[in-house]
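Student: Use these hints to put chains B and C onto chain A, whose structure you have.
Spelled out, the chains give:
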Amino acid sequence: MMTIRRYLAAALCVATVTLFPAITVAQRRSGPDPIGAAHRLAPTLTRPASAERAPDADGFIQRWLVLEPIRIQIRSNAQLNDSFVQKTVKAEYFNNQYAVIPRDRDKVTVNGIELMWHAIDTSTYHVNLYHFARALNKPAFNILFWAVTIVDCPEEIRDVRLAVGSNAASIWWVDGREVIGIYGDRHMVIDDGVSRRLSLKRGQNVVRCAVLNSPGVSDICARFLDAEHKPVKGFIVNLEDAAR
Amino acid sequence: MNFRYSAAVVLALVSAAFALDGQIGIHDPSTVMLCDGKYYTFGTGGSSLVSDDGWTWSRGVAPGRRGMAPDVIHIGDRYYMYVAANIGGQPKAAVNMISNRTLDPDSPEYKWEEGGVVASSDGIEDCNAIDPGVFLDPNDGRLWLVYGSYFGYIRLVELNPRTGKRLNPDDQPRDIAINCEASAIIYRDGWYYLLATHGSCCRGTDSGYNIRVGRSRKVTGPFLDNMGIDMIKGGGKLFLGSSGRVVGPGHFGLLDLEDGVQKFSCHYEADLDRGGASVLDIRPLLWKDGWPVAGENVREGTYEIESVRTGTALELAVEGVPVGGRLRMPGMPGGGSGIFGGTGGIIPPQDVTQVSQNWPAGNIDLRLSNYMLQAQQKWTIAPVADAGGYPGSPYFKITIAGTDRALAATDEAELVAVPAFTGAPEQLWRIEQLTDGAYRIMPKAVPNTREALAISAVGSSFATLARFDPGGDRQRWYLNTP
Amino acid sequence: MKALSVFPTLLIALIAAVMVNFAAVPEPSGRSPENAARGPAPTLTRPATPVKDPDGEGFIRRWLILEPIGANGLTQSVVQAAVRREYFPKQFTIIPRDGEKVQIEGSDLTWHAVDTSLHNINLYHFAYALSKPTSNVLFWAVTVIDCSRELKDVRLAIGSNAASVWWVNGKEVIGIYGDRQSVIDDGVSKRLTLKKGPNVVRCAVVNGGGATDFCARFLDKDDAPVKSFTVNLG
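Protein chains in written order, with this note's numbering: chain A, 1 to 244; chain B, 1 to 482; chain C, 1 to 234.
Chain A on its own, in the form it takes in the complex (with noise of 0.2 Å):
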């Protein structure tokens, strides 16, 4: 039933718009950049207003940098195999993909489009990126989404695991090291990727991720195991103090 599933997508974005009036009337109001006049992006999605944050009770990385998505040519969902999603994410698109930290508002230029980076917190374990990109009034399907955090820890945690849900595929970079890689046109579930055992430094720790999403909604959570498949908590998120 995947195919039918695009038109009901299709579908489901008319009513999404019926459904979250308050976000069409702000773009409405403020234009193409709706952030300078409401803080509120999206029903699960506002601006940070703290310095730091800590994940949720159940470990979850509530606080991110997100850039505006990249438009990318996908023929159908059947198309998001590892190699595919793999090529697809690999490609440059901006200076610095793999290492930049950016700061709220930067921008970046991709096959000529200016992009932004927000940052956001989500209220909820999961970023909505379906939610981000519709709030901003950008094309919510056939898309490539960057997003970054930085993971502060007060000590050196060994044998832990990033385990993260993406809909549709991901792939995730911890430190700069690929560590996981979820393909298909696959739904968000909680601990579907995980990662091998690896270590988060004293201090910080950089984790990103790439999404590549074709029709329907798309979102990502995100979050630390430890050995005992115990959620990791003994962090916090702060983008502001990042080493840039």
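A portion of the hints provided could be inaccurate.
Said to hold, decoys possible - List time: in silico BS3-like cross-link candidates among lysine-lysine, alpha-carbon distance up to 25 Å:
(1) A:Lys201 with A:Lys230
(2) C:Lys227 with C:Lys195
(3) C:Lys52 with C:Lys195
(4) B:Lys92 with C:Lys132
(5) C:Lys221 with B:Lys237
(6) B:Lys38 with B:Lys444
(7) C:Lys195 with C:Lys152
(8) C:Lys227 with C:Lys171
(9) B:Lys237 with C:Lys190
Hints are computed from structural coordinates only; laboratory data are not their basis.
Tutor: Chains B and C alone, transformed into the frame defined by chain A:
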């Protein structure tokens, strides 16, 4: 946790079975005992078998008293053996106890001491006091002996757990079953189970031996079968009968390996692959709806390895190709009859030599994925000769079907598929059926650690090695016929 | 190990090779030089009442049993041949009286009316108490159940150690073979009708070695025991 036997049952029809290795000829084996790292069992007539790993066995040393169908228990620092002898002609018989600090004849402490008669029959009463089975109640530490053989009743007497002797010789034995033999009591989850052997022994392939079971809330019975028939009226739910290439299982003995892994020993009256000889076997003990069920040791074959935790299948982390090739969409160049119309013919199984051409030549990571009948998801499990084993089974290699790409443990306690099987310990796998019918899969060794680890689902799409947790589903796997 | 019945086979070889403290194991029937009766069987008594009800589970507890006849073999063909051989006149129809005798191969064998205190008839007790052989024997037993009304769609349900063949009102309804133990409802007939009045239930039980017994009851169409009859051997 679901309970599945289907894969094993189906495969039994198509794949080779593995009995134990080495010298395994024995009749009426005792409960298998572990002593100082070696496994021991004792049979009728002073026979005994010993094994370093529970898979390869050799002849052992006769115990201090030769007799019929001994049973052994380890309590405190002593091993108590109960062994029957005729005292004039059955059903006039007696059960004697002997004890030892060790079962290892090479130990300086090895010395059998006579403990005297703990039960007997006078030749007229409705009992033949042979075939002892000893049971230590985990609830209250009381020690019990069941005995008897066909002639009348199976009887129960209480023993002194500090001495192994009869607690009170004047107590009247209790009748708890009739017309069977080789009885044993085990306990689980509030129930006492009486396992006993029905049918005839000692007739080779004509032996009707079969193991039956009843259960009771009290150790003293009544032991009722699944139809409510008391074993003292001949009841008994079938636990294990003849099947495959073996005839006449009898003499149940529990081998509890802890961590939720239970096995049982028995002998078959006739193993067709060994010329109809009477041999020892060790098999998984499963539980379903409050009843013990005889499991199957893993058989050679090709399987999907499905995580109980996630329902996803262990696969090579390579890009899968749909079975039959990618669908050609209607209206597109080369389009066929539409997405629901099929090809009009039979789609053959995926050809691994074809789809593997794009796989990396070296090591390949492992992951979990929705099972889609694809080549990177089908594993051939095959025994490895001369690589040792564990109670009931040899070590196996696990390779992608049709290839030599072998599952291995890494020095970081992760999983990888190496290009070719070399026989290294991290490529050898211990595969054991758990009490719920799922399997635990453990490498023989993991580089850099001596910890025993098992394949574990971590998240929905990744597998690693981790300590086995009997209370959860992470390290439970189904072996499904692909 | 079922040493009693199988000793001549594997165990002889197995044990003879390694055992030093075992005596030879004669058949139970041969272990006593006595010829006289050995006193009453623990579970069997001579009927003291004109009629006997089935027990709470429908088991028939009163039978006429003939002292054992020698017989060898438990396979289907051997047992069928054994029970079809004519041992005495009217052997498939006779309703003997307690104490009545028949002559078989020159020996007088007596029919005994017995009540059992259990659900089963312990034929080992029966024979042993009479100083008769218990191994390699064939027992004939018969009873008469008296129904106050016709009972349709019932089944005879029996257990026996070892093989046995059963008849109801002269029709063979059950045959179970091999060296088996007595299990409640082991052999069950097809549906049959018990007529109003007397119905004759007859069996022949063949034993190899060791214990020997049988039990019998009728089950209704719901597999519940039939108890609405009496046994009257009058």
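Student: It remains to establish, for every hint, whether it holds in the given structure.
Tutor: Hint check results:
At roughly 19 Å between alpha-carbon atoms, lysine 201 of chain A and lysine 230 of chain A fall within 25 Å of each other, so this suggested pair holds. The hinted pair formed by lysine 227 of chain C and lysine 195 of chain C meets the criterion: a straight-line CA distance of about 15 Å does not exceed 25 Å. At most 25 Å may separate the alpha-carbon atoms for a hinted pair to count; lysine 52 of chain C and lysine 195 of chain C meet this at roughly 18 Å. For the given pair, lysine 92 of chain B sits about 19 Å from lysine 132 of chain C by alpha-carbon distance, which is consistent with the 25 Å threshold.
Between the alpha carbons of lysine 221 of chain C and lysine 237 of chain B the distance comes to roughly 23 Å, so the proposed pair stays at or under 25 Å and holds. Only pairs whose Cα atoms come within 25 Å are accepted, and lysine 38 of chain B paired with lysine 444 of chain B is accepted, the gap being roughly 17 Å. Restraint check: the Cα-Cα separation between lysine 195 of chain C and lysine 152 of chain C comes to about 8 Å, which is no more than 25 Å; the hinted pair holds. Taken as a hint, the lysine 227 of chain C and lysine 171 of chain C pair is honoured in the structure, with Cα atoms around 22 Å apart against an allowance of 25 Å.
Between lysine 237 of chain B and lysine 190 of chain C, the direct Cα distance comes to roughly 23 Å. Compliance with the 25 Å bound is thereby established for this hinted pair.
In summary, the structure agrees with every hint in the numbered list given earlier.
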